[in-house]
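Trainee: In case you want the letters, here they are:
Number of protein chains: 2
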Amino acid sequence: MIQKYSIGIDIGGTNTVYGIVNTRGDIVSKGSMSTTISDNVIEYTKLLGRAIKEMMRRADISPKRVVGVGIGAPCANFTTGVIEAATDLPWPSPIPLKDLMEKELELPVRVTNDANAATIGEMYYGSARGMANFLMITLGTGVGSGIVCNGQLLTGSRGFAGELGHCSVREGRGRLCGCGRKDCLQNYASAKGVVLTALDMMDENQDIPSLMRDITRENLTAKDVYEAALKGDTLALRTFEYTGEVLGRSCADFASFSDPEAIILFGGVAGAFEFIYPAMRRAMEENILHLYRDRIRILRSGLEASEAAVLGASALVWLPGKAS
Amino acid sequence: MIQKYSIGIDIGGTNTVYGIVNTRGDIVSKGSMSTTISDNVIEYTKLLGRAIKEMMRRADISPKRVVGVGIGAPCANFTTGVIEAATDLPWPSPIPLKDLMEKELELPVRVTNDANAATIGEMYYGSARGMANFLMITLGTGVGSGIVCNGQLLTGSRGFAGELGHCSVREGRGRLCGCGRKDCLQNYASAKGVVLTALDMMDENQDIPSLMRDITRENLTAKDVYEAALKGDTLALRTFEYTGEVLGRSCADFASFSDPEAIILFGGVAGAFEFIYPAMRRAMEENILHLYRDRIRILRSGLEASEAAVLGASALVWLPGKAS
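Chains A and B supply the protein sequences, listed in that same order.
Taken in order, the first sequence gives residues 11 to 334; the numbers are from my numbering.
Taken in order, the second sequence gives residues 11 to 334; the numbers are from my numbering.
Take these hints with a grain of salt, some might be off.
[Unchecked claim] Heads up, simulated EDC-like pairs for lysine to aspartate or glutamate below, C-alpha to C-alpha not over 20 Å straight-line:
(1) A/Lys192 to B/Glu181
(2) B/Lys192 to A/Glu296
(3) B/Lys202 to B/Glu237
If you are wondering where the hints come from, they were derived from the structure by calculation, not from laboratory data.
Next up, chain A with everything else stripped away, as it sits in the complex (with noise of 0.2 Å):
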C-alpha cells in the first residue's frame, strides 16, 4: 500500500513551521519561514505555498500522497476557515486562510485555532489516543482549550466552542483579563497568571524569604517561578499549589458538562506538571459532583513540545466529517 502523507501548518505571530507527516505521527521532513516575511498576507500565502510545494520536492512525495493541509493559526475558525479576529499576527481580520491556501497549494485544506489544534494532535499521537471524551487545557501566554466529545471536535453553532479560559474562577482576586472581563481562569493559569500568584504569594507573605524576591516584580517570568519551585522555594510550590487548586475547582465544574474521561495539560507552564499536579487532583476531586468522582484522569501531554504544533495541524486532515 502507498504510504499517504499530511502537510501541518502552525503559524504563529514569530515564526511559521510546517512538515509533512505520515499516518504514524512522523514529521518526515520540516521547515519554516518567518510569519512577518510580508506584510500582504496574499503574498505570504503565496510564499509560504512555493516552500511548501519546495519541500514536498526535497522529499520527493508528490501531492498526490498528500491527503490534505491542516493549519493551527490564532482564531482561526474551522466551521468558516477564516481568521477572524487575531491581534497577534501582521495581518488585519478576517482573513479568508482556508481559501487563500487551497488556491496556493492545490490541495484541501482545514483551518483551526491553536489549541484546537493541539488536541487533535493529542487525540491522534499523544495521551489521548484512543479517548472519545476528553478535554485538553493549553497552559501558555494564554489558557485555551479544545473538547472532545464523542471522537469529535467540538466546534459549536459557529466555531467558538472551547473557550475554557474565559471560564470564571469561582474565588477571583479581580484580576483583569485582556477580554475586558474579570477573573477569567487564564488569569490564574496561564505564564502571567503564575507571576501574578507569585508576586501576590510575596506580597502576602513578607516573613517568608523567596528566591523570587532577588528579581524585579516587572521582569519575573513563570520560568523563574519554576526554577525557583526545583530548588524547593516554599513561595514558588506555594504559587504553583494555588495554579493547580485554582485548575481543579475550574475542572471540577468542566465535568459536569460533557464527563471527560481524561483532563490533558498542555503548553509552557503544564511543564511544572509534578507541581501543579498533586494540588490540581485533590482540589478537582474535592469540589467535583459525586458522579465524577475518582473516574477522570489527569495527565501531561504526550507530544513533544517542539513537535506538536506541526502534528496537531496536520492531524486535522484526519477528523471525520466536513469542514466549512
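Put chain B on the given structure of chain A with help from the hints.
Mentor: Just chain B, lined up with the frame of chain A:
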C-alpha cells in the same frame, strides 16, 4: 408510505405516563399507571409492557409500524441503558431498564434521564427545531440540563454529561446542595432555590412589605412567589430578578464550552420566564466573552408541559447513532 410511530414512556416517582407518537410529534394515544404499582421492578415492567401492548391494540397500531421505544427516567443512563442510582423510585438501583423493557415489548428501547429526554423532545418538536447546537436547562424540583452539539446529544464518557445544575455559582450564599456540595446552580434556579431566595429577600428587606409574608416560611412555594410577582409584589419580582441574574452569569460561562445557538428554559420555574428573562439576558451579556455577545438566544420551551415528557422520550428513537 405507511405512517411510522414511536412510543414514549416517562417514569416519574409517582406516575408512569406513555403514549404513541407519530412522526409529526402528535400523541395519537396515551395512558398512565402508578409507578408504585409494584415494589418489584420485574413485576412493574411486565405490567407496563402489558399496558403498552394493550394501548397499541386499542389504537390498531401493529408493532411492525413502531420503530422503537424511548424512556425517560431519573438517573437513567443513555450509554448503559441502566438506571444507575435513582433515589425517588420504589426499586433499588441499578435497574437494567433497557433490557427489561426490550424483553417485554420485543422492540428496540433507548433510555435517558428526564432532562435529556426533554432536550431531545425540544430538538425534534419544540423551540430547538432545526438547531444543531443548543443547551436545555430544566428548572424544576432540581436543575437538570441537556446539551446538543453537532446535532448530537452529549453523553460523555460514561453517559453522565450535562449536569449543569451542579456547576458552582460564582457569587454563592453558602447554600447546601443535595449532592453534598455548596452553591450549585440548582440551589438558586430550582423551585426550592427560588423559595430560598424569596426568604433571603424578606430577611434582608424587613422594611419592604410583601404578600409573601402572609405565608409561613415552611409553606412558601415557588408558585406563591410567582403569584405574588403577578400582583406586582416588589420582593417577589426581585426574587425572580436575582434568579435570572444567577442563571445569566452561569450561562455566560456555559457559552464558553459549546458556543450554543440558543439556551432553552424548561420546567416549572421557567413558567416565570417573563420575570426571569430580562435580568438573565442582561447578566448573560454583561458577563459573556465578546465572541458570544448578542449571539445566543434565550428561549422558553416550545412544548406543552403535559406532553413534553412523553414526546421527549419518544423522540429518543429518532436520534442518529447507536445507544448501548
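Trainee: Would you pick out the hints that fail for this structure and give their numbers low to high?
Mentor: none
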